[in-house]
Amino acid sequence: MENKGFVEAIRSMTAGEQRLWLIDIIQVTEAVKRNEASKDDLYEQVSELYDYLLETQNRRSWWEPDEGGTQVHIVIGDSFAGSMKIALKQLGWEDTHRVIPFRDNYAIGPLWQLQQEMGRRQRREWFRDHIYDEHDEDAERDDFLLLEQFAAIPAQADITIWTGSNTPEQVGLRLSMYLLRNMSNDIRIKNAADAYSRVFKRPDATGLRSGEIPADKLQAILSREDKDVSLTPEERERMAEEWCKLAMKPEVLRIWKDGSIVNVEENDYDAYIMSKVDELHKRQVQPDYIKSARVIGEAMGHLDQQMGDEFFEYRLRALIYEGMLEIKGVPGAMRRYSIRKKASPSPIKKRA
40 MENKGFVEAI RSMTAGEQRL WLIDIIQVTE AVKRNEASKD DLYEQVSELY
90 DYLLETQNRR SWWEPDEGGT QVHIVIGDSF AGSMKIALKQ LGWEDTHRVI
140 PFRDNYAIGP LWQLQQEMGR RQRREWFRDH IYDEHDEDAE RDDFLLLEQF
190 AAIPAQADIT IWTGSNTPEQ VGLRLSMYLL RNMSNDIRIK NAADAYSRVF
240 KRPDATGLRS GEIPADKLQA ILSREDKDVS LTPEERERMA EEWCKLAMKP
290 EVLRIWKDGS IVNVEENDYD AYIMSKVDEL HKRQVQPDYI KSARVIGEAM
340 GHLDQQMGDE FFEYRLRALI YEGMLEIKGV PGAMRRYSIR KKASPSPIKK
390 RA
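Residue numbers 40 to 391, in our numbering, belong to the letters of the sequence shown in order.
One thing to keep in mind: the hints can contain errors.
Claimed, not checked - Mimicking DSBU-like on lysine-lysine, the simulated pairs with C-alpha atoms at most 30 angstroms apart in a straight line are:
(1) Lys380 / Lys321
(2) Lys72 / Lys128
(3) Lys266 / Lys296
(4) Lys229 / Lys284
(5) Lys266 / Lys128
(6) Lys229 / Lys240
(7) Lys128 / Lys240
(8) Lys330 / Lys380
(9) Lys256 / Lys266
(10) Lys240 / Lys256
(11) Lys296 / Lys240
(12) Lys321 / Lys229
(13) Lys284 / Lys330
(14) Lys321 / Lys367
(15) Lys128 / Lys256
(16) Lys381 / Lys321
(17) Lys128 / Lys229
(18) Lys229 / Lys288
(19) Lys256 / Lys296
(20) Lys284 / Lys296
(21) Lys266 / Lys330
Claimed, not checked - What follows is a set of in silico ranges between Cβ atoms, one per label pair, in the way DEER data are often shown:
(22) Arg237 / Arg142: 25 to 31 angstroms
(23) Asp267 / Ala310: 38 to 44 angstroms
(24) Ala190 / Asp297: 32 to 38 angstroms
(25) Lys288 / Lys128: 34 to 40 angstroms
(26) His341 / Lys72: 35 to 41 angstroms
(27) His341 / Arg227: 33 to 39 angstroms
Hint data in this document are derived by calculation from the structure and do not stem from the laboratory.
Don't be surprised by glycine CBs; every beta carbon is placed ideally from N, CA and C.
Using the sequences plus the hints, can you model the full thing?
Next up, the structure:
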């Protein structure tokens, strides 16, 4: 297998699978260093991972739409996609059920004309310039694969689009409806958190993100929940049009507010980030440098939005460049540098 094949196989794993393999390899490596295990043991562990990655790469096509599929599940996010695949396999439905995952975070980055290649190229360039350097190649491959998977949905398959009360999933829902606009398949929408709340009698769980629902709970939802009512032609057309309106907006940040997707300025939460820096400084005897990862974790932990740590890290760097914060270290990765507030920063516009 070429290196690209390994990368694709690793990306196909769930976050839980990745952590388990990494923990196992680290534990064996430490045992070797303590002379409690041999290098052969470490080689055996790595070989098992190699074989698993080969199997993962070969089985990826199992989930792609084909003529044998009768059900297609469209999901947002790698975590939820992994749970969905595990749940379907546990139910023995992998022969007829297919999964199409959106891997992108649509809360951030341009959506302008994303249904066309020029829009997708602009989005990739924005991520490369503002978020991470290596986004372009992976994103281009994901874009191509996504369009191929939608085109491969067979006419007889029922389609369920899974969503939640958050920006990435709501944007993904509308993009899905645009991509499906010329298909005659029955289409249903299921809010994963609402279904979880109904099945497990948890009214407090309606705000859950789909990716937070474990595979065993999702299995129960799939087996117990009745099919939702198919969308009417009018509903389908309305959501496809909502996508077209989103794709005309220039903003690169969106939030979920009062049941709607709202476009906001990219610096809209800068004052909020600075307030978290202030709070962390107050916990110190004397204001000193704070790990950027801690600031980002504090900001994300108190905000009910799904922008992702990469966006907050981008805005933290912007505040450094604007002279609002001082830096110690190299701004290449969150754990490689620290920040502190300047003694007399220039005023910043507060969010209304």
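Status of each hint after checking the structure:
| no. | hint | verdict |
| --- | --- | --- |
| 1 | Lys380 / Lys321 | holds (11 angstroms) |
| 2 | Lys72 / Lys128 | violated (39 angstroms) |
| 3 | Lys266 / Lys296 | holds (28 angstroms) |
| 4 | Lys229 / Lys284 | holds (23 angstroms) |
| 5 | Lys266 / Lys128 | holds (19 angstroms) |
| 6 | Lys229 / Lys240 | holds (17 angstroms) |
| 7 | Lys128 / Lys240 | holds (25 angstroms) |
| 8 | Lys330 / Lys380 | holds (12 angstroms) |
| 9 | Lys256 / Lys266 | holds (17 angstroms) |
| 10 | Lys240 / Lys256 | holds (12 angstroms) |
| 11 | Lys296 / Lys240 | holds (25 angstroms) |
| 12 | Lys321 / Lys229 | violated (44 angstroms) |
| 13 | Lys284 / Lys330 | violated (40 angstroms) |
| 14 | Lys321 / Lys367 | holds (19 angstroms) |
| 15 | Lys128 / Lys256 | holds (14 angstroms) |
| 16 | Lys381 / Lys321 | holds (14 angstroms) |
| 17 | Lys128 / Lys229 | holds (20 angstroms) |
| 18 | Lys229 / Lys288 | holds (27 angstroms) |
| 19 | Lys256 / Lys296 | holds (27 angstroms) |
| 20 | Lys284 / Lys296 | holds (17 angstroms) |
| 21 | Lys266 / Lys330 | violated (48 angstroms) |
| 22 | Arg237 / Arg142: 25 to 31 angstroms | holds (28 angstroms) |
| 23 | Asp267 / Ala310: 38 to 44 angstroms | holds (41 angstroms) |
| 24 | Ala190 / Asp297: 32 to 38 angstroms | holds (35 angstroms) |
| 25 | Lys288 / Lys128: 34 to 40 angstroms | holds (39 angstroms) |
| 26 | His341 / Lys72: 35 to 41 angstroms | holds (40 angstroms) |
| 27 | His341 / Arg227: 33 to 39 angstroms | holds (35 angstroms) |
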